[in-house]
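Fit chain B to the given chain X structure using the hints.
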Amino acid sequence: MKTVYLDNNATTQVAPEVVEAMLPFLREHYGNPSSMHAFGGRVEAPVEEARASVAKLIGADQPSEIIFTSCGTEADSTAIWSALNTETDKNHIITTRVEHPAVRSLALHLKRKGYRITELPVDSAGLIDPRDVERAITKKTAIISIMSANNETGVLFPIEEIGRIAAGYGVKLHTDAVQLVGKQPLDVRNLNVNFLALSGHKIHAPKGVGALYVKRGTRFRPFLIGGHQERGRRGGTEAVPNVVALGKAAELALDHVTEERTHVRALRDWLEQGLLEAIPRSQVNGDLLNRLPNTTNVSFEHVEGEAILLMMSDLGIAASSGSACTSGSLEPSHVLRAMGVPYTFAHGSIRFSLSRYNTADEVEYVLEHMPPIIARLREISPFWKD
Amino acid sequence: MAWEYNEKVKDLYRNPKNVGEIEDANAVGEVGSIVCGDALKLSLKVDKDTETITDAKFQTFGCGSAIASSTALTEMVIGKTMDEVAKIKNQDIVDYLGGLPAEKMHCSVMGQEALEAAIADYRGLKVVHEEEDPDTAIVCHCFGVSNKKIEKAILENGLRTLEDITNYTKAGGGCGSCIDEIEQILEETLANQAVAPPAPMPAKPKRLTTLQKIKLIEETIEKEIRPQLIKDGGDLELIDVEGNRVVIEFKGRCLGCQAVTYTLSGVQDKLREMVSPDLEVTVGSD
Chain X
28 MKTVYLDNNA
38 TTQVAPEVVE
48 AMLPFLREHY
58 GNPSSMHAFG
68 GRVEAPVEEA
78 RASVAKLIGA
88 DQPSEIIFTS
98 CGTEADSTAI
108 WSALNTETDK
118 NHIITTRVEH
128 PAVRSLALHL
138 KRKGYRITEL
148 PVDSAGLIDP
158 RDVERAITKK
168 TAIISIMSAN
178 NETGVLFPIE
188 EIGRIAAGYG
198 VKLHTDAVQL
208 VGKQPLDVRN
218 LNVNFLALSG
228 HKIHAPKGVG
238 ALYVKRGTRF
248 RPFLIGGHQE
258 RGRRGGTEAV
268 PNVVALGKAA
278 ELALDHVTEE
288 RTHVRALRDW
298 LEQGLLEAIP
308 RSQVNGDLLN
318 RLPNTTNVSF
328 EHVEGEAILL
338 MMSDLGIAAS
348 SGSACTSGSL
358 EPSHVLRAMG
368 VPYTFAHGSI
378 RFSLSRYNTA
388 DEVEYVLEHM
398 PPIIARLREI
408 SPFWKD
Chain B
406 MAWEYNEKVK
416 DLYRNPKNVG
426 EIEDANAVGE
436 VGSIVCGDAL
446 KLSLKVDKDT
456 ETITDAKFQT
466 FGCGSAIASS
476 TALTEMVIGK
486 TMDEVAKIKN
496 QDIVDYLGGL
506 PAEKMHCSVM
516 GQEALEAAIA
526 DYRGLKVVHE
536 EEDPDTAIVC
546 HCFGVSNKKI
556 EKAILENGLR
566 TLEDITNYTK
576 AGGGCGSCID
586 EIEQILEETL
596 ANQAVAPPAP
606 MPAKPKRLTT
616 LQKIKLIEET
626 IEKEIRPQLI
636 KDGGDLELID
646 VEGNRVVIEF
656 KGRCLGCQAV
666 TYTLSGVQDK
676 LREMVSPDLE
686 VTVGSD
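Residue numbers (this note's numbering), protein chains in the order written: chain X, 28 to 413; chain B, 406 to 691.
Hints are not guaranteed to be accurate.
Straight-line Cα separation of at most 27 Å, DSS-like style, residue types lysine-lysine; simulated pairs [what the hints assert, rightly or not]:
id : chain 1 : residue 1 : chain 2 : residue 2
1  : X       : LYS117    : X       : LYS83
2  : B       : LYS462    : X       : LYS412
3  : B       : LYS675    : B       : LYS618
4  : X       : LYS29     : B       : LYS413
5  : B       : LYS492    : X       : LYS412
6  : X       : LYS167    : X       : LYS117
7  : X       : LYS117    : X       : LYS242
8  : X       : LYS412    : B       : LYS675
9  : B       : LYS462    : B       : LYS422
10 : B       : LYS450    : B       : LYS492
11 : B       : LYS450    : B       : LYS494
12 : B       : LYS494    : B       : LYS557
13 : B       : LYS553    : B       : LYS494
14 : X       : LYS29     : B       : LYS415
15 : B       : LYS494    : B       : LYS422
The hints are simulated quantities; they were obtained by calculation from the structure and are not laboratory data.
Okay, chain X solo, but in the shape it has when bound (with noise of 0.2 Å):
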């Protein structure tokens, strides 16, 4: 059976180039770049250039202000606590209430540790009001920690003006870009942001790897604490093959951004208007105009994201839902119900997420075996009523 995988948000398909650029480092090369003789040193330029790769991808100055990490939620908690340790008088931390998980449950640690959280509301698009952000500093804020674009929904926000907002007031902005990096040009220079995390596998590279930016002048601490690697800034000896991989991940992205634009957001409005056509009684959630291009969060109501995903998978179609059931924490998502997306909605949510590798063919093969599940579910459901 043939696999649509439309779950990119979750993590991708590795990139075949992505895959020939690391093998030699599996390989003949697996020196380590800290050493003296020239066997480790022949590792230590790739890693070099893949920094130069992914601080081309964000915009930065300075291939100086990426620090390697093994994953996107390193990258965040690094962030954070450098922020924390380095304003040990601070106490206060402004975030949002759709967060993922790697900022939103660090905020809950740190609340019952005694630092005061403010969690920002969005409203029913998933939208955050920039004065809201202003509203909440303190003399106390240590660090504002807002994402980039929302993982479940891909609503975007404003960054750019949160930036300058937070530079008024001398507060560190940090901004969890997992998911927008490769989906949206990025200039970091734009942003006003000190920290900014990304995600190797979100992007065409396989898992274990990240990346941090941290502006240069920003006062940091290091999170692991060890080696001199990475300048002092990240002990722990480099995953030099992640980290190649990642450069040329990085590189691939610049490259196919523009996709994005045309060739991926085609195919997504493609398959949203066919589901809300075929389908009555659904919904898209989140703003339909600030959103990533890749990204369709659509909601079937009075039906079960399980018993949809359940019945796609059957059928070689991977997404996932923000239903209780799959969120194994038995309450649908966290983001739609900061939204206000109704119960009846919310368990019946589906995100599709596409990539540069999907096809309209597989748009075409989902649009004609949705309406069937959805109407068979709504068969055996006790609130559909024709």
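Then chain B, alone, in the frame of chain X:
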């Protein structure tokens, strides 16, 4: 999260049976809500004369295991009497399915609750609303789970941890603010259970043929009753067994004994205990 569903469960959510509503149903049970993320409406057609369920249908809003549990429930009850189905517990549904992932046990509990509600509806019993019961309080406000439901789940399924309770009842699976209270209920329920004397094993209701019944009556009289009477100088003889009516005749000193009525009720108690609770013992010479 990808659940490890077995082939039986997969088959039953892919090909659910008995979907829908019975128009002239005389027993309907509805549990759950769309807020909680799962709901089940069970409708039964019960033959009034035999109390046998002739048809069962369901409508379910929920995940794959909720749909599979609902199908299982309807398949299990069709053809059974109301007394028989009253004994079905959530574990029976799990067994029918060949097992459910731990996190999905609450789907089987929802099945049992829908069945209980349908039985109450058939019997015309007013379901006691939990809020009207002074001993009941909602513990988990995210999913509306009461202390009574948690206690019941602990006792019926031998639950030992907070995680078990969440898997079976969903309590504590939302905001988590009730976790301390749930742990306290768990502790108290287990403590009470430990103190309480072991419940006597209820005598298994035996299904006996007439011949078996007569043999068992004879055996009981020979081994359990006559030796005692003979010791007291009396005796008895089994005259006849007609359905549940056992006819005996007293002999020896029992004849004319003032206490013979007490002896008769003693004989009846013994036979009811050992053979069948429905037996009526009479003296043939009466």
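Do the hints match the structure? See the list:
{"no.": "1", "hint": "X/LYS117 to X/LYS83", "in the structure": "violated (33 Å)"}
{"no.": "2", "hint": "B/LYS462 to X/LYS412", "in the structure": "holds (17 Å)"}
{"no.": "3", "hint": "B/LYS675 to B/LYS618", "in the structure": "holds (14 Å)"}
{"no.": "4", "hint": "X/LYS29 to B/LYS413", "in the structure": "holds (24 Å)"}
{"no.": "5", "hint": "B/LYS492 to X/LYS412", "in the structure": "violated (33 Å)"}
{"no.": "6", "hint": "X/LYS167 to X/LYS117", "in the structure": "holds (4 Å)"}
{"no.": "7", "hint": "X/LYS117 to X/LYS242", "in the structure": "holds (20 Å)"}
{"no.": "8", "hint": "X/LYS412 to B/LYS675", "in the structure": "violated (59 Å)"}
{"no.": "9", "hint": "B/LYS462 to B/LYS422", "in the structure": "holds (8 Å)"}
{"no.": "10", "hint": "B/LYS450 to B/LYS492", "in the structure": "holds (18 Å)"}
{"no.": "11", "hint": "B/LYS450 to B/LYS494", "in the structure": "holds (20 Å)"}
{"no.": "12", "hint": "B/LYS494 to B/LYS557", "in the structure": "holds (11 Å)"}
{"no.": "13", "hint": "B/LYS553 to B/LYS494", "in the structure": "holds (16 Å)"}
{"no.": "14", "hint": "X/LYS29 to B/LYS415", "in the structure": "holds (20 Å)"}
{"no.": "15", "hint": "B/LYS494 to B/LYS422", "in the structure": "holds (20 Å)"}
The earlier numbered hints that this structure contradicts are 1, 5, 8.
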